[in-house]
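Using the sequences and the accompanying hints, generate a full structural model.
Line by line, the protein sequences are chains H, C, G and B.
Here numbering that gives the first Met the number 0 is used: position 27 in the first sequence is 26, and no number is missing along the way.
Here numbering that gives the first Met the number 0 is used: position 66 in the second sequence is 65, and no number is missing along the way.
Here numbering that gives the first Met the number 0 is used: position 201 in the third sequence is 200, and no number is missing along the way.
Here numbering that gives the first Met the number 0 is used: position 151 in the fourth sequence is 150, and no number is missing along the way.
Just so you know, the hints here were simulated from the structure itself, not pulled from any lab data.
Hints may be right or wrong, so weigh each one.
With the Cβ distance kept under 7 Å, some of the chain G side facing chain C (calculated, not the full set) [said to hold, decoys possible]:
(1) A286
(2) S304
(3) L318
(4) A321
Even for Gly, the Cβ is constructed at its ideal location relative to N, Cα and C.
Spelled out, the chains give:
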Amino acid sequence: MNLLPNPEQVQILDAARSFLSAEAPVERLRPQHGQIGNHDARLWPELAELGFLGLGLAEAHGGVGLGLPEEILLYRELGRQLISPAILGLTLAALLAARSDDPALLNAIVSGEARIGLATPRGAVTLGPVSSGAFHLIEAREAAWAVAWTDDGAALFRTEDFGAAEDILCMDSHLTLERGRLEACEPAIWISAADGDLPRRAQVLIAAYATGLAEAARDMAADYAKIRQQFGKPIGSFQAVKHRCADMAILAEVAWCQTVFAAVMVQNGGPKATYHAGAAKLLATDAALKNAAQNIQVHGAFGFTADSDAHLYLKRAHVMDFLGGDLRSQKAALIGLAAAL
Amino acid sequence: MNLLPNPEQVQILDAARSFLSAEAPVERLRPQHGQIGNHDARLWPELAELGFLGLGLAEAHGGVGLGLPEEILLYRELGRQLISPAILGLTLAALLAARSDDPALLNAIVSGEARIGLATPRGAVTLGPVSSGAFHLIEAREAAWAVAWTDDGAALFRTEDFGAAEDILCMDSHLTLERGRLEACEPAIWISAADGDLPRRAQVLIAAYATGLAEAARDMAADYAKIRQQFGKPIGSFQAVKHRCADMAILAEVAWCQTVFAAVMVQNGGPKATYHAGAAKLLATDAALKNAAQNIQVHGAFGFTADSDAHLYLKRAHVMDFLGGDLRSQKAALIGLAAAL
Amino acid sequence: MNLDFTAEDEAFRAEARAWLNDNVPRGPRPTEGQAMRAFDLAWQRAQYDGGWAGVSWPTEYGGRGLELTQQLIWYEEYARSGAPEAALLFVGMNHAAPTIMARGNEAQKAFHLPKILKGEVAWSQGFSEPNNGSDLAGLTTKAVIDGDHLVVNGSKIWTSNAHLSDWQELLVRTDPAAPKHKGISWAICDMTLPGIELRPIMIMTAPGHHHFNQVFYTDVRIPLANVVGEINDGWSVAMSTLGFERGTASMSEQIRYGVVLEKLVDMARERLGEAALKYDEIGQRLAQLRAEHAAVRAMTYMIVSRSAGGGAMGSEASLMRAFFSQLQQRTRRIALDIIGSDSLELPDVDPWIRPYLRSFSTTIAAGTSEIQRNIIGERVLGLPR
Amino acid sequence: MNLDFTAEDEAFRAEARAWLNDNVPRGPRPTEGQAMRAFDLAWQRAQYDGGWAGVSWPTEYGGRGLELTQQLIWYEEYARSGAPEAALLFVGMNHAAPTIMARGNEAQKAFHLPKILKGEVAWSQGFSEPNNGSDLAGLTTKAVIDGDHLVVNGSKIWTSNAHLSDWQELLVRTDPAAPKHKGISWAICDMTLPGIELRPIMIMTAPGHHHFNQVFYTDVRIPLANVVGEINDGWSVAMSTLGFERGTASMSEQIRYGVVLEKLVDMARERLGEAALKYDEIGQRLAQLRAEHAAVRAMTYMIVSRSAGGGAMGSEASLMRAFFSQLQQRTRRIALDIIGSDSLELPDVDPWIRPYLRSFSTTIAAGTSEIQRNIIGERVLGLPR
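What follows is the structure, encoded as structure tokens:
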């Protein structure tokens, strides 16, 4: 038993961190007067080259042959750098393509050519071999495909399946958002939860990404508290600020430990994996939302401006909360499960 | 419009405060090694003489002819001094006796001779002209009568109606507690909610008492924070403690303002009285519970001992919460009402 | 203790209600820019023409000179009528004008007060500086006396709507050698003076939402005649302003929030069903919020009761401010849980998401919740500094 | 990253489970007094006889000398078996003995360690003083050297179970002139010595519940041979103890709480119905607690992973302690909401109300949550003091 990354995993982590901090600094999202949309898709080919788009895919499918533990190391860094959540579409679509033996699509994904958006339910939907319902399409405007999932399973659709999608400004304005609708539509690929653990994997990946958000907000607050002076000393020396930062550190640690635990459980399979994946998603999005809000407060008026990155973490945390079901529905699901002692 | 006490009301407040602080200091509850039960019934004749047992009764019924606004001033002080909640039995029984024209009982109450306990439902009960169900009897061991109430109305029973009551140690060990049961029992007096506003009055009186608890806990914490030194200065100069005390002050102010508002609304009658009485009960017991817990924390290890009075406020706050329905049921009731803007 | 309004008060309420009913602008208020400025000024002018401008202003300055109770009634009716906030005029009506009334000279009063009251001008506030937010008295923007002018150099920040304002209340350091509270002066700054430059600061609510500014002053020459109070006595002048700010002007906001909450209750009933709401975590939170908003009104009434007869707002008012600023955030937050995943959308007509994002400022502006709790601990409870 | 236990570990787990299954005392543990002492000593003796005493102790001192992973397995199985806490022996096993191992001399080790391990003696801790709780280094109980003895005068407080203990780890000030961390010594105090008097301190859980004591020392003569480490070097000796306390010994408590929570979930399902629980505020809170208790286990595993190979517990462990102390309170609190009005009762067999009341100590004992958050802010995040 060891929850720390092994040397190979540390290498992956280091590579992800150094690539992303060089190629995708958070400042890229801070143009002069606010911005709609982002250019993160330009990163996909480079991430592909580094193997990050096929981390969890078997080598036979063009992947690296690793699994969820390695993927969460990457996703934590993706969260820290606020990379477009469209990457989750790539990861999930690759798994779908691999399981349904679609080498052309697989190749397009693993090479970084494909664009895959996310389709997240607006209210109750039916997802299965025949699918219907209202969806939000996230980061799908320039994508040919979109991935959707519920507890029942995961599906890949053509974005045109969603009809005349309607553009809407997203609270997180660096993401494209559309409303779309499926009417008795057959997905290009459908894998039920019984046949594959994609929904659970999605939850753990979101948890890792959200942990990255929570950690970045914590670090941003602590760094500011060390340098910002009021009343002749750094604000971090005041207990009100110090304890606020300490609470952020606790939440981030809680989120990461549970995410690691869940990643290993899901990778190993077994009956408790659903429980731990749900707990991870719940704790990590909770940490991301709370830490983002606290970070704004620590920054004072500056935290309320678009000049600061503080709001970016808050908005992305809300997106992560709604992806795969918000805190309320996560809790409802978790209390319905058997104990996992 | 004026929510401050008028000169006559200030007189009542001053009289209550000076009598209670002289005759019923909180230290009376701090014997060497913990104590079961209390001797507050010895105060009833003196309180009667000062008119406090008939404050809200018409003069024709031997009372002072005032109302709920005056009674909450008294009850806040009763809460501060942790007077036995049996006093609520006296106040409610007097109203029941007055409305049913029972001069003998009325006289026994207003003179301070009678002992009246409280009967509070354990789960769902039927209260009405024929009443059934399981109850807790509080401070009823030496009483001939006990008052029970629900949203449907209020009733006076003989304590023997509850069968062979079973003694149980109360979490708040200064109160007697028994389990009892009514089996298709006719109360001595029954007044439905439609015929009288006793349940609402009870809620507001509990709110006032609970506000007194919240204020006493706040004052105890602030006083301690001024004198207790650690690291060479009073702990109240540390923000962690200072802000804790500030939050206690906010909660107590919230509770008192709403309680005063509710008392006037109930006294005036009208459709919004139920809403405001419920809000007062909810906020005041919430404040009492939170402030009591915070006060223990401010006192550190000392706060965890029976040598400190801190735990007394916590335990009494729980009793007040369960009297007339706990926070959970108060909230369920409040959200079901029409808006009161 | 009573909630009885006098016959006179009730008549006043009826009059206010009737006037508001007939005159409140029905279209949506533009949320920024010149359109917002024009809207707010026009609505102020309409109130002035109707005899309703400056309910708290003394009659000698053209105000209505209402007692606190009637001010309360006005703000209740104002909020219930759905009248717009007119936030652009807040500084002029509730900071600058009261300060000029209290400490200004006759020329300053005669020139500025009527313009403010009639909705001819907008004011902004030049107090906070990049390195001094919570610690206002540490400000460093420098002004030296040169003949009959102050020459100002430095920078202010978080000046709401400076880009839409004609005048500014400006705090400057006129004696750097004095103790920090003793070397400050309070000046009226014409925003068209040469040497003033603005840097717009966008806020987090939505892309391109311009609200704050940083203001740079380079050799800006303000006539000494525009100093309010004595040179170097500006701290005490500013404190009289802050006291007023925390007065009655926020009442309508407190009352308005009760209406906001009831919309949320209605939405929750529709989404979850009235019966299911009882023990649902959303229903339980809404019930708590209902009780808390009821208490905010009770606290407002209590503050008015305490202040009636001319007494100043006590430090107890700080309890309500601290409570309300957090309550606003809780109220705005629950909207997202009720709406669910459509919260990701920022629609053009947006009663919920932008206001939610905006609510992050309530525990920062006008004193962070940390500073407010210091004040409560020290001034209300007497805890040591 | 893996959760794979080796075959050896799994064999160890099976062995531990089997032994616990056969040997855990089945009757209820007395909650105080000599009966509790006898119970705890007997259970310790049984573990010793079975070869399970001192799982973390090195084999040279008669312990089992387990690697951290196997300690974790032992504590998991211990908690799942329902084995009693044996809190009376906590100080001896987890504070005093490790300190003596680290800093004691051979005579001290030979005399005390076997007695502790075999369940022959109970120890208490004489650290806190009436005026020094959070500020431990400010202690003032004085000891002067007189020949080959320390002569101790002063008072200690919050000494859990001093009335049931044979020995005490005692911190005294031996050089009042030195800086406060430099004049302290760590001594082994025989609780039967003349001049020691106890004042029982009752705790809030129930009437007459004796747990704490104040201990008065009047000219108590402790042989210099009982000083552990050097005279005036007691602060560093004490710090090594505290480090150990925060080690593995609390694992079983963390695991036990998961079991407690599941009892609450069962109670809630029974009272409210499984379907109704989903969006009920109680169900939502329980789900949050489930996730948090899962995380506590994950955090424990992470701490073990970080420390494996002999590394010290990092300051990250302080995150788990601060989190868990508050989580205990939240877990205990929800019991009352589930039980409803019967929470007013303190029955003789009481799995819920006394433990709830007792949980108020979790954010006070072993460093208040304020002190813990100072430590996190300063040592984990590097914020200034």
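### Query
Which of the listed hints are broken here?
none
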